[in-house]
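Student: These are the residues of each chain, in order.
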Amino acid sequence: MSAATLTASSTEANMRRMSPTREALRRLVKHRSAQIGMVILGFMVLIAIFAPLIAPYDPYARQLGAKRRSAPCIHLLGCPADQPQHIFGIDSNSRDLFSRVLFGSRLSLQVGFATITFAILIGGLIGALSAYAGGWVDNILMRSMDVLMAFPSLLLAIAIVAVLGTGLINALLAIGIVSIPRYARLVRSTVLQVRDLEYVQASRALGAGGLHVLFLRILPNAITPLIVQGTLGIAGAIIDAAALSFLGLGAEPPRPEWGLMLGEEKNSVFNAPHLVFFPGLAIMLTVLSFNLLGDGLRDALDPRLRGSNA
Amino acid sequence: MVLSLLLAACQPQATAPAEPTAAPTTAPEPTKAPEPTKAPEATPTEAAPAYEPMKVEAPSCDYGGEFKSIEAVDELTVKFTLCYPDPAFLSKVAFNVFSIADKDYLDQMGGDSVKMSDNPNGTGPYKVASWTRGDNVTFEANPDYWGEKAKEKTVIFRWSEQSAQRLLELQSGNVDGIDNPAPEDFETIQNDSTLALYPRDPLNIFYVGFNVDLPPFNNEKVRQAFAQAIDRQRIVDEYLPVGSIVANVFVPPALKPGYSNTPAYYSYNKDAAKALLTEAGFDFNQEVTLSFRNVVRSYLATPDKVAQEIQAQLAEIGVKVKLEEVESTAFIDATSAGEKAFYLLGWGADYPDATNFYDYHFANDANKQFGTLFPDIADPIRAAAKIADPAERQKLYDQANAALKEHVPMIPISHAVSAIAFKAGEEGVAASPLNNEKFGVISNGTGKIVWMQNGEPAALWCSDETDGETLRACLQVWEPLYDYKVGSVEVEPALAESYTVNADATEWVFKLRPGVKFHNGAALDANDVVATFVSQWDAKDPNHKGRTGTFEYFGAFFGKFLNGE
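Those protein sequence lines, which keep their order, are chains A and B. Using the numbering used here, read the first sequence as starting at 1 and increasing by one per residue. Using the numbering used here, read the second sequence as starting at 1 and increasing by one per residue.
So here's chain B without its partners, still in its complex pose (with noise of 0.2 Å):
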C-alpha cells in the first residue's frame, strides 16, 4: 500500500494517492515529487531513489559561532566540526532542546513551533495524542518505538501553579506523581506510607544578583559588603529542604573541573558589611529595589519569602530594601536586558558540566543582566571552554572564581534540593537531577499515568523553548543523537548509537541507529540531524522560526548563528 502511495505520488500526472487516509501527516501532495529520504521503511533500498547527503558549511570561522559545518556523510553518519575544540559537545548535544526532527515535516511547518506542536512528530516513546489548551496534553504509547517500549500506554500532564493543589491531587489520588511538593511538605509525604518522595540532586545555583553598572551598586565595595550581610547559612538552614548547601562559588560541587574549594567565599559578617558600607560612601537613606519572580523552580521554592528574609537581614545594617515582584517573563526579560540592579535568580543544570553555569552568565555578550563583563572573568571562562584537559582546564575556572568574588557581579547562596512525589509502589521512578523525568520507564500497572507539574508546556516542539515545564514535554516525544540515562547525568546513545570524536574534539561523527522511525512512519537518517540543526544554527535558513525566534540555547550553547546579523 505505501509503495503504491509512493508510486502515485511520483507520477505528476496522478490525480490522487491512492488511499490518501492512510498515512495523514506524510502522504506525499501529488503535485510535487516526494523528497528521496521519505522512502517507507518497507521499501528501504529498492523503492529510494539515490540518497542526497546534506552538507551545510560556513565559508569561515568569523561568523562567531562553533560550528564550522554540519554534514551528512552517508545515511546514517552525521559529521560535525568544529571551529574550536568542545569537550563538553556531546552533553550539549544530549539536550532535549536539540532532538532530531524529520526533514521533510520540518520543511512542511517551516520550523514553526507553533504548527509543530499541533502535530508533533518525533521518535519518543510517546507520541502525543491530544493537548487541550490550558487544561492537560496526552499522550499515548508509540507502539513502533525502537527502544524499550513504554510500560504505561498513557500519560497525561496536568499541572497547577500552588504546591498545595499539587499535593491534594496527589493525596487524593488524582494523579500519579507531582513536581516540586513544597519544601514544607517533605515530612508529610516522608511520613506518609502512601507517597514516595524523590529528591533531586542540587545541580543547581539560587544566587543574588547586581547589574554592575547601576548605581548604587556600580561601586565593588557596595557589593562586596551586601556579600558580608547576607547570612547564606540561614537562608539554606531556615527556606531550603534538608540537603541543601550553601554555594561557595556559582556552580555544585559535582561539576569538576568547575568546582573551586579556595578561596571560602565572603563569611557573613554584619559588622565588616556595615563598616564597608559607610567606607563605600553608601547612602543608607536611599531604597534599593529587589527584584524578583515568585515562582517555583528546583533552586528556590519559595522566592518570596526568601526576598523578606534578605529584606530583613539588610534592614539589620541599615540598608532599606524594597521588594518588588515581577511577572516571570517579564522578570528575565528585564534582568537579561540588564534592567534590575538587584535581583534573586537562579540556574538548574541543562547539562552536567561547568560551561553550562559559566558561559552563560559571565562570558555571554548577549546577557546584559550582571552588565559589562569583567575580563578577568570572561577570559578564563572562555578558555577553559576550549581545552579537553581538565586539570587545565579547573586552573581556570580557580581563576575565575577567585575574579568573581573579587567582584561580586552575583552572591553564590545555595544549591538546593528540590523533589517530585509519587504514589508509593509506582516502579521506575526517578527524579532526574536535570529535571528531565521520563514516563516511558515508570509502571503503575493500571494503563495511565498521571503527572502534574508546575505550569504548562509553551509548546510541544522544543528547539525554541528554555522552560524546564516544557522541556519535559518535549523530552517523552522526541529524541536528540545521544540522552541522558535516567535519573543521572551520564549521556547514553539514543538516535545515534555510537560517535567517534578527533583527538582535539573539533570533529565528530555521530552513527545513527539504523531502523528508527518517526511517529508517522518516516525513517530517521542523517539529512533529518543536519536539517534540523541547520534550522537553529542558520538565521537564514527557511526553518529557522520557532516560537519566538531566539533559539536562546542554541545562541548559549554554540554562539552565534550562521548568516546572523
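Next up, chain A with everything else stripped away, as it sits in the complex (with noise of 0.2 Å):
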C-alpha cells in the first residue's frame, strides 16, 4: 500500500468524522442538564486547580486558637469581625475545613479520571483482542469478566483492598478492577459489530495487519460509546472511592479526602453536622455534575443519530 492512498483515506476519515463530532458537540452544548454539569464541573475543576490560591489555610495545619467543631464563622453572616473566619467551621482536629474540602476536590477529581482511565485503557485492550480473536481466547476473557461482575462492586474493591493493603492508592487500584468488565464488553460488543463490515474487510484486502485493522479501523467506532460510559464511570469511581475511604479502606489521615472527612465524623451528625454536611455536600455536586454531563454526552453521541447524518 501506498503512503498517498493511507494518507488520502485517513484525511478523508477526518474529513467525514469532523463533521458529525462538530455536530455532536453543538447538540452537547445546546443540552440543558450537559450545560449544567458542565458548569459545575468546570467549577470543581477550576477549584482543585487554584486550590492553594482559594484555601485561606493549610489544610493540614491546626488552627491552634480555634475551639474544635466549631461552627462556621462568617463574617457577612453576622460573626464577629473579632474572630477569624472559618466558612465551612473547624473540624475535630482543629482545621479549617473550608480548606479540606477544597483540596478533597484534587482528590476526588484525580480519583475519578485514573480510575476510570486505568479500566478503560485495560478494559478495552481486553475486549478487543477478546472480539477479535474470538474462539477460546474469547471464551476465557469473558467469562473471567463475567465472573468479575458477579460479584457487587464495592464488596470486590473491599476484598481487593485487604488483599493489596489500605491506602489511597491500592483503593484507586481496586476501583480500578472492578470497572474493568464494563468497558472490556462495550468494546468487544463494538468490535464484533464492526469486525466484519466492508471497509474493514476492504481494509484487510488492501493487506492491512490485523493490529493496524483493530487499532485504526475498527477501535475508533468504540470511542464514542466510551466517552458516556467514562464519563458516567467516573461519578461511580468517586463514589466507590469515598465508601472506601469512608470505611478507613482508602485514603489515610490526615489525607483531606470527602469520604473518609464523612467517615471520620459520621458521629458528629447530630452535635456537629457542619463536618458531614459540606463534605457530603461536595460529593453530591461533583458526582451530580458528572452524571448530567454523561447523560448529556449520550444523547450527544447518539450513534444512531450519527448513523443517520453518515
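Wrong hints could be hidden among the right ones.
[As the list claims (entries may be wrong)] Below, in silico cross-link-like pairs of lysine to aspartate or glutamate (EDC-like), each with a Cα-Cα straight-line distance of 20 Å or less: (1) B:K320 to B:D365; (2) B:K485 to B:D201; (3) B:K517 to B:D541; (4) B:K320 to A:E252; (5) B:K320 to A:D58; (6) A:K266 to B:E327; (7) B:K368 to B:E327; (8) B:K485 to B:D504; (9) B:K256 to B:D201; (10) A:K67 to B:E238; (11) A:K266 to B:E325; (12) B:K511 to B:E75; (13) B:K55 to B:D107; (14) A:K67 to B:D304; (15) A:K67 to B:E187; (16) A:K67 to B:D231; (17) A:K266 to B:E161; (18) B:K68 to B:E57; (19) B:K322 to A:E252; (20) A:K266 to B:D304; (21) B:K448 to B:E140; (22) B:K79 to B:E52; (23) B:K115 to B:E456; (24) B:K368 to B:D389; (25) A:K266 to B:E187; (26) B:K221 to B:E279; (27) B:K221 to B:E456; (28) B:K322 to B:D231; (29) A:K266 to B:E169; (30) B:K274 to B:E406; (31) A:K67 to B:D237; (32) B:K560 to B:D365.
[What the hints assert, rightly or not] Taking CB as the label site, the calculated pair distances span: (33) B:E161 to A:M149: 28 to 38 Å; (34) A:D146 to B:T446: 51 to 61 Å; (35) A:L53 to B:R133: 49 to 59 Å; (36) B:Q233 to A:D82: 24 to 34 Å; (37) B:G134 to A:M149: 26 to 36 Å; (38) A:L53 to B:D213: 39 to 49 Å; (39) B:K322 to A:Y199: 51 to 61 Å; (40) A:S33 to B:E161: 32 to 42 Å.
Keep in mind that the hints were calculated from the coordinates and are not lab data. Bear in mind that the values here come from a model prediction, so they are computed numbers and not experimental data. Ideal Cβ positions, reconstructed from N, Cα and C, are used throughout, including at glycine.
Using the supplied hints, reconstruct the complex from the two chains, each of which is provided in its own coordinate frame.
Tutor: Right, here's the structure in full:
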C-alpha cells in the first residue's frame, strides 16, 4: 500500500468524522442538563487547580486558637469580626474545614479520572483482543469478566483492598479493577459489530495487518460509547472511592479526602452537622456534574443519530 | 418433691426421677449419684450426706504463682493461703472475673464458658432469660435473691458502636440508659432536662506506648524527646471531657500508695525535643508508624482524633508519622506480643490498687508490649506488691516512677472522665469508676430497664474474659465473695459475710453467707468457691477451659498457673 492512499483515506476519514463531531458538540452545548453538568464540573476543576490560591489555610495545619468542631464563622453573616473567618467551620482536629474540602476536590477528581482511565485502557484492550481473536481466547476472557461482574462491585473492591492493604493507591487500583468488565464488554460488542463490515474487509484486503485494522479501523468506533460510559463511570468511581475511604480502607488521615472526612465524623451528624454536610455536599455536586454531563453526552453522541447523519 | 428426686437419684436402679421437668438444669442424672453438696436447701441437714471439704494445695511455691492452697475448712468457711503477702487480695477477689459458680454445674459444663453462657447459673439479682446473639441479652429478676431484690423485673442489654446512635436511642426513649456518650454530647445531655449525665471518676490511664526493643525507639533519647514533643495539656483540653486531668505518672492520683507527685513529668518543649532527637541521631526522613484501635473506651473516646493530633504535633518537629488503625482484638494481641513499636493504649482500673496498673504493665514477663523489662522499674514494683505498709510501698513506687520517667517505656497522657447517661428521674443510677454498673438497684417504675452499651458481651461467664462490655453483663448474674459497692471503689461483703486475715496478709479466711442459692436451686458452700478458683488456678483441672483458655486476669493478678507449662 502506498503512503499516499493511506494519508488520503485518513484525511477523508477525518473530514467525514469532523462534521459529526462538530454536530455532536453543538448538540451537547445546547443540552440543558449537560450545560448544568459542565458548569458545576468546570467550577470543580477550577477549584481543584487553584485550591492553594483559594484556600485560606493549610488543610493540614491546626488552628491553635480555634475551638474544635466550632460551627462556621462567616463575617458577612454576622460572625464577629474579631474572630477569624472559617466559612465551613473547624473540624475535629482543629483544621479549617473549608480548606480541606477545597483540597479534597483535587483528590476526588484525580481518583475519578485515574481509575476510569485505567479501567478503559485495560478493559478496552481485553475487549478488543477478545472480540478480535474470538474462539477460546474470547471465551476465557469474557467468562473471567463475567466472574468479576458477578461480585457486587464495592464488596469486590473491599476484598481487593484487603489483599493489597489499605491506602489511596490500592483503593484506586481496586476500583479500577472492578470497573474493567464494563469497558471490556462495551469494546468487545463494538468490535464484534464492526469486525465484518465491508470497509474493514476492504482494509484487510488491501493488506493491512491485524493490529493496524484493529486499532485504526475498528476501535475508533468504540470511542463514543466509551466517552459516555466513562463519564458516568467517573461518577461511580468517585462514589466508590469515597465509600472505601469512609470505611477506612482508602485515603489515610490526615489526607483531606471527602469520603474519609465523612467517615471520621459520622458520629457528628447531630452535634456538629457541618462536619458531614460540606464534604457530603461536595461529593454530591461532583457526582451530579458527571452524571448530568454523561447524560448529555449520551444524547449528543447517540450512535443512531450519528448513523443517520453519515 | 425435691427430696423424692434426690432419693430416686440415690438409687442406681431407679429408672427416672419422679418429675424430670421439675428442675431442668440440675435434675440429678439417675445413673450417677449426686455430689454431696447438691443437697437441696429444703433438707439441709438430714438428707445431705457428710460434707467432704475440698482442698487443693501446691506442692511448693516454686511454680511461680501466688496461691499456696485453697481449702474449704467447713461448709461455709474457705481459706486461701498465699505464697507471699498480698495486701490487695480482697480487692482482687472482689473483681467479678472471680465470681463463684456451683461446683456441680461447673463440672457438668466442663468449665466451658460458651456452654455456661447458654445456661448461666449464678447467684446474682438477675438471671439470664435469653441471649439473642447480635441483638440483645435479656435478664429477669431472681425472686430468690439473698440480698435486696432487683427493683425492676427485666433488664435488657443492647449495644451499638456508634455514640451518635446510642444517644439517638436515648433521646427517642427506646433505651433507659447508655454507656459512653461522646464527650461532645455531654453538654447536650446536661442541657436536656429529660436526660441525666453521670460522670465516672477518672480511674484510668491513657498513654502512648513504645516497644523499647524496636528501632527507632530502642534509643532512650528518642523516647525522651517524644515525651517532650507531645503537648499533653492540649490533648486533655481539646479532646477529653471536662474534669479529665493530665497524667503525671501511670496511675491516677486517687490511688495511694502508687501515685507520685514528684518528679514532675517532662513538660512540653518542641525545641528541646528536636535538639534531643538530633543529638540521638534520629533519622527525620523515616516514617514512624503510630498504631491504634478505633474503639471507645472510658480512658479515650476518640482515638482516631487524638492519633491525628499527635501526628500533627510531631510533624511540627519534623517527625513523619503514619497512622495505622488496627482491629481491636488484633491490636491487643499484637501489642502484647511486642509487635507494635509506637501505639496508643490505655487501661481502666479493675480494682482500685496501684498493683492493678503497675504489675500488669511493667513487671509482667508475659506482657511484651514495652519490650524488655527494665529491672530498675520492675524490681520496686514487684517488691511493693508484697508489702503491706503503705508508706514503704509508696517509697518503692516513687522509685519506680522516677525510673519510668527516665526510661520512658510509655508517655502517660491523661486520666479521663467518661460517663453514662440515663433518662432523668430513674432512681438509683450510679456510674461506677470501675465501669461496673449494677442494674438491680435502679428503679424507673416501668418494670423494664433497657441499657445500651458499646459492644456485645463475648460470654456470660466471665472467668476467662477481659472486656468491660462482657464483665458488666456477668456482673448482673454472678457474684464474687466480696463486691464493689454501687458507684464506688470500696468493697462490701457479697457471697462472703466476713473475712479475717493474718498479720502478714498471707492467710485469708472467708465466712460464706448461709442460705445463698444458685439460680438452679443449689446451695452455695465452700466447695463451690474452691472449685471455682481451682478451675482457673490449676491448668490441669478438668474445668480449666474458659473461652480462649488464657485466663488473662488470673495470670495478671495471681501469677502463674499451678501445673502450667
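Student: Now tell me, hint by hint, if it's right for this structure.
Tutor: So, going through the hints one by one against the coordinates:
Between B:K320 and B:D365 the CA atoms are separated by roughly 32 Å; this puts the pair beyond 20 Å, and the hint is violated. The straight-line distance between the Cα atoms of B:K485 and B:D201 is roughly 15 Å, inside the 20 Å bound, and the hint therefore holds. Using a Cα cut-off of 20 Å, the hinted pair B:K517 and B:D541 is violated, with the two alpha carbons roughly 25 Å apart. Distance restraint check for B:K320 and A:E252: the Cα-Cα separation of roughly 14 Å lies within the 20 Å cut-off, and the hinted pair is therefore satisfied.
Annotation: proposed proximity of B:K320 to A:D58 holds, straight-line Cα distance about 17 Å (limit 20 Å). With a CA separation close to 18 Å, the supplied pair A:K266 and B:E327 stays within the 20 Å bound. Between B:K368 and B:E327, the direct Cα distance comes to roughly 19 Å. Compliance with the 20 Å bound is thereby established for this hinted pair. Between B:K485 and B:D504 the CA atoms are separated by roughly 26 Å; this puts the pair beyond 20 Å, and the hint is violated.
Proposed proximity of B:K256 and B:D201 is supported: the alpha carbons are some 15 Å apart, at most 20 Å. Restraint check for A:K67 and B:E238: the C-alpha separation of about 8 Å stays at or below 20 Å, so the hint holds. Under the criterion of a C-alpha separation no larger than 20 Å, the hint pairing A:K266 with B:E325 is consistent with the structure, at around 17 Å. About 9 Å separates the Cα atoms of B:K511 and B:E75, which keeps this hinted pair within 20 Å; it holds.
Between the alpha carbons of B:K55 and B:D107 the distance comes to roughly 16 Å, so the proposed pair stays at or under 20 Å and holds. At roughly 18 Å between alpha-carbon atoms, A:K67 and B:D304 fall within 20 Å of each other, so this suggested pair holds. Between A:K67 and B:E187 the CA atoms are separated by roughly 15 Å; this keeps the pair inside 20 Å, and the hint holds. For the given pair, A:K67 sits about 16 Å from B:D231 by alpha-carbon distance, which is consistent with the 20 Å threshold.
A distance of roughly 12 Å separates the Cα atoms of A:K266 and B:E161; the hinted pair therefore holds under the 20 Å criterion. With a C-alpha separation of about 6 Å, the suggested pairing of B:K68 with B:E57 holds against the 20 Å cut-off. Taken as a hint, the B:K322 and A:E252 pair is honoured in the structure, with Cα atoms around 9 Å apart against an allowance of 20 Å. Between A:K266 and B:D304 the alpha-carbon distance is near 12 Å, which keeps this suggested pair within the 20 Å criterion.
With a C-alpha separation of about 9 Å, the suggested pair B:K448 and B:E140 falls inside the 20 Å cut-off, and the hint holds. A C-alpha spacing of about 15 Å is found between B:K79 and B:E52, which places the hinted pair at or below 20 Å, so the restraint holds. Distance hint between B:K115 and B:E456 is fulfilled; the C-alpha atoms sit about 17 Å from each other, no more than 20 Å. Taking the CA atoms of B:K368 and B:D389, the gap is about 30 Å. The hint is violated against a cut of 20 Å.
Simply put, A:K266 and B:E187 have alpha-carbon atoms about 19 Å apart, close enough for the 20 Å limit, and the pair holds. For the given pair, B:K221 sits about 8 Å from B:E279 by alpha-carbon distance, which is consistent with the 20 Å threshold. The suggested pairing of B:K221 with B:E456 is violated, with an alpha-carbon distance near 42 Å, which exceeds 20 Å. The straight-line distance between the Cα atoms of B:K322 and B:D231 is roughly 18 Å, inside the 20 Å bound, and the hint therefore holds.
Restraint check: the Cα-Cα separation between A:K266 and B:E169 comes to about 16 Å, which is no more than 20 Å; the hinted pair holds. The suggested pairing of B:K274 with B:E406 holds, with an alpha-carbon distance near 18 Å, which does not exceed 20 Å. A C-alpha spacing of about 10 Å is found between A:K67 and B:D237, which places the hinted pair at or below 20 Å, so the restraint holds. This hinted pair checks out: B:K560 and B:D365 have alpha carbons roughly 11 Å apart, not beyond 20 Å.
Between B:E161 and A:M149 the Cβ separation comes to about 33 Å, which falls inside the hinted range of 28 to 38 Å. Between A:D146 and B:T446 the Cβ separation comes to about 56 Å, which falls inside the hinted range of 51 to 61 Å. A:L53 and B:R133 have their C-beta atoms about 55 Å apart, which keeps the hinted 49 to 59 Å range intact. Remark: the range hint 24 to 34 Å for B:Q233 to A:D82 is upheld by a beta-carbon distance near 25 Å.
A beta carbon spacing of about 31 Å between B:G134 and A:M149 agrees with the range 26 to 36 Å that was offered as a hint. About 48 Å separates the C-beta atoms of A:L53 and B:D213, a value consistent with the hinted range of 39 to 49 Å. The hinted range of 51 to 61 Å is satisfied by B:K322 and A:Y199, whose Cβ atoms lie roughly 56 Å apart. Taking the beta carbon of each, A:S33 and B:E161 are about 41 Å apart, inside 32 to 42 Å as hinted.
Of the hints listed earlier, those the structure fails to meet are numbers 1, 3, 8, 24, 27, in rising order.
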